[in-house]
Amino acid sequence: MNRIDQRFATLKAQGRTALIPYLTAGDPAPEYTVGFMHALVEAGADIIELGVPFSDPMADGPVIQKACERALKHGTRLTHLFAMVREFREQDTETPVVLMGYLNPIERMGYEAFADQAQAAGVDGVLTVDMPPEEADEFGPVLKARGLQSIFLVAPTTSDARAGTISAHGEGYLYYVSLKGVTGAATLNVDEIDAHLAPLRKLSDLPLCVGFGIRDGATAAAVGKVAEGVIVGSVLVGQIAACVDDPAAIAPRLKDILGEMRQALDA
Amino acid sequence: MTKFSDLTRMPDARGHFGPYGGRFVSETLSFALEELEETYMALRDDPDFQAEFDHDLAHYVGRPSPLYHAERWSRELGGAQIWLKREDLNHTGAHKVNNTIGQALLAKKSGKPRVIAETGAGQHGVATATVAARLGLECAIYMGAEDVERQKLNVYRMQLLGATVIPVESGSRTLKDAMNEALRDWVTNVDTTFYIIGTVAGPHPYPMLVRDFNAVAGREAREQSLKQIGRLPDALIACVGGGSNALGLFYPFVEDEGVAMYGVEAGGDGVETGRHAAPLTGNAPRGVLHGNRTYLMSDEGGQVSDTHSISAGLDYPGVGPEHALWKDVGRVSYVAANDKEVLEAFRELTHVEGIMPALESAHALAYAKVLAPTMRPDQHIVVNLSGRGDKDILTVAKLDGIEI
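Order-wise, the sequence lines are chains A and B. Reminder that position 120 of the first sequence reads as 120 in our numbering, one-by-one numbering, no gaps. Reminder that position 54 of the second sequence reads as 54 in our numbering, one-by-one numbering, no gaps.
One or more hints might be untrue.
[As the list claims (entries may be wrong)] Here are the simulated DSSO-like cross-link-like pairs (lysine-lysine), alpha carbons at most 30 angstroms apart as the crow flies: (1) A:12 <-> A:225; (2) A:12 <-> A:180; (3) A:66 <-> A:180; (4) A:66 <-> A:202; (5) A:202 <-> A:225; (6) A:180 <-> B:108; (7) A:66 <-> B:152; (8) B:227 <-> B:3; (9) B:398 <-> A:180; (10) B:152 <-> B:227; (11) B:3 <-> A:180; (12) A:255 <-> A:12.
[Unchecked claim] Label pairs and their computed distance ranges (CB to CB): (13) B:159 <-> A:160: 49 to 55 angstroms; (14) A:73 <-> B:9: 42 to 48 angstroms; (15) B:159 <-> A:15: 53 to 59 angstroms; (16) A:89 <-> B:14: 44 to 50 angstroms; (17) B:42 <-> A:1: 29 to 35 angstroms; (18) A:247 <-> B:9: 38 to 44 angstroms; (19) A:160 <-> B:44: 47 to 53 angstroms; (20) A:189 <-> B:283: 48 to 54 angstroms; (21) A:145 <-> B:9: 31 to 37 angstroms; (22) A:110 <-> B:397: 44 to 50 angstroms; (23) A:119 <-> B:398: 51 to 57 angstroms; (24) A:75 <-> B:255: 30 to 36 angstroms; (25) B:270 <-> A:10: 58 to 64 angstroms.
In case anyone wonders, no lab produced these hints; they're calculated from the structure. Backbone N, C-alpha and C fix where the C-beta goes; we use that ideal spot for every residue, glycine too.
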């Protein structure tokens, strides 16, 4: 069984909500990323979304745009991400890792070469922000053949018909985008999220995880009541931005923030 | 092998032009694009919609634009006869308004109170601000900070028209970054905002509908050629950034196999230097950006390259997906003109014909200078003079060391 499915099965049995942090790989520099991943797991992460830096992150707000710029300044690219995941796996063989990013770096590498290396490195899933299922005819099967799961987004604007299609193609979990906007935007409305998740549950057996707008223990706990998982990115990446001149301070801060969310979710 | 007649049936139902095009967007926008596609497909063959579009083109834009025989320039070049399709004479001074008039009609149908656009040289921004003013719509224009600097006149024009111009400081601070920011705005305000994309790129259905709205120039040029030359021209030339004026001219001629077509990309310092904006001529790899698959300048890691061109309107690392297909099937020859050749052509047309072209359009003229002397005087070339050069006076003056 894929690590992601395994993890959700375990969480379900325990009656717990998945906590899924996102970091842009290579931010503030490539040598820190694996240490951050371990710190996140220690603080209670269930799955790690590792961002592939991209020059034109169209769906991201300023916080993650700047993270991409910092990572790219050091030349971080997919081959480095594979090395990071390999190194992470030397100590941690259980925590699922999902690569999240935009299609062009993968397109440039070639689908097969990407999937081969991702599998060999110990990646479990791939979320390509700008590749809806309609465009994944070719890529989806390449991933599947190597046991890599395709994670898709569902948005507040997604029709029931589309949600059905997405769910049929999706594996691992559905990433529900809590608001219309870019990452790091505004505040979320839990009642509205709940109203959108209800019909999704009828269409899909996949765990529903909510991202965008989760910034502290309180918002995590509120969303955790209506979803199987909460995804948190910009608030963590913002800590990296605040400490670029003092990288040693980053891991403890990440642990504090994620730890508070873990506690709030488990309370 | 794709037959040329097959090219008129593109894109397919999912917005693909062969391996190119498509709809590569984050999920939040999928609904808005499906809605736009539905609206447009219902209207494109609706006689009332066409009549309204034609009426606006005639009475607001001033169409048809003339096909002008540049006799003196043709004589000086000593070869084929050069005819200029005068899109520079359109209201707002470029071909861009053909598309914004069409999309404004779609925006009106959608009932959304706000429009946004990206712009490079500012011509599309001006054309968008213009239709927004006419319809009383709120309007925000995203423009790379570098372009805001080099196209100050157009920035102020947009502001006079009531638009908010938002300088984009991220990335290379040019057209591609403006488009990123416009997409971020759209994903945030999708319920209230209609995105008027200015070129034949972006997610389906934009490449199709922007082409369709611009094709009026090609239809006119075809008719005018038959009337004024007595037959179809031997060659067409147009500049290609995203490629909207080129597709507009070329599309109605695509099945006329005797008509050769040349798309002229921005060679910048020279394609061989790497400092250019010529993905087709430079044989860039395939890539995905701004919602479509196309030839895209990027490094080995798939990061999109910075581009360089003297003309802000062509300073873009990708190209419309239909051009990518037309390159592959050999329907159009894509070539490049470098900044130096472009400036020469700009000055030459101004001196010899009293017509000051936009620096973008001067790319097409620069290639006409290469092509015409290789042809006979009884042969004919139609060049798309896609915009006027007033906006570029400050750029050219600066190169001449003149402060205005």
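Verification of the hints:
no. : hint                                : verdict
1   : A:12 <-> A:225                      : 13 angstroms, holds
2   : A:12 <-> A:180                      : 29 angstroms, holds
3   : A:66 <-> A:180                      : 21 angstroms, holds
4   : A:66 <-> A:202                      : 38 angstroms, violated
5   : A:202 <-> A:225                     : 18 angstroms, holds
6   : A:180 <-> B:108                     : 22 angstroms, holds
7   : A:66 <-> B:152                      : 28 angstroms, holds
8   : B:227 <-> B:3                       : 28 angstroms, holds
9   : B:398 <-> A:180                     : 44 angstroms, violated
10  : B:152 <-> B:227                     : 40 angstroms, violated
11  : B:3 <-> A:180                       : 43 angstroms, violated
12  : A:255 <-> A:12                      : 24 angstroms, holds
13  : B:159 <-> A:160: 49 to 55 angstroms : 43 angstroms, violated
14  : A:73 <-> B:9: 42 to 48 angstroms    : 46 angstroms, holds
15  : B:159 <-> A:15: 53 to 59 angstroms  : 58 angstroms, holds
16  : A:89 <-> B:14: 44 to 50 angstroms   : 38 angstroms, violated
17  : B:42 <-> A:1: 29 to 35 angstroms    : 47 angstroms, violated
18  : A:247 <-> B:9: 38 to 44 angstroms   : 56 angstroms, violated
19  : A:160 <-> B:44: 47 to 53 angstroms  : 27 angstroms, violated
20  : A:189 <-> B:283: 48 to 54 angstroms : 49 angstroms, holds
21  : A:145 <-> B:9: 31 to 37 angstroms   : 34 angstroms, holds
22  : A:110 <-> B:397: 44 to 50 angstroms : 48 angstroms, holds
23  : A:119 <-> B:398: 51 to 57 angstroms : 54 angstroms, holds
24  : A:75 <-> B:255: 30 to 36 angstroms  : 48 angstroms, violated
25  : B:270 <-> A:10: 58 to 64 angstroms  : 60 angstroms, holds
Consistency note: the structure conflicts with the earlier hints numbered 4, 9, 10, 11, 13, 16, 17, 18, 19 and 24.
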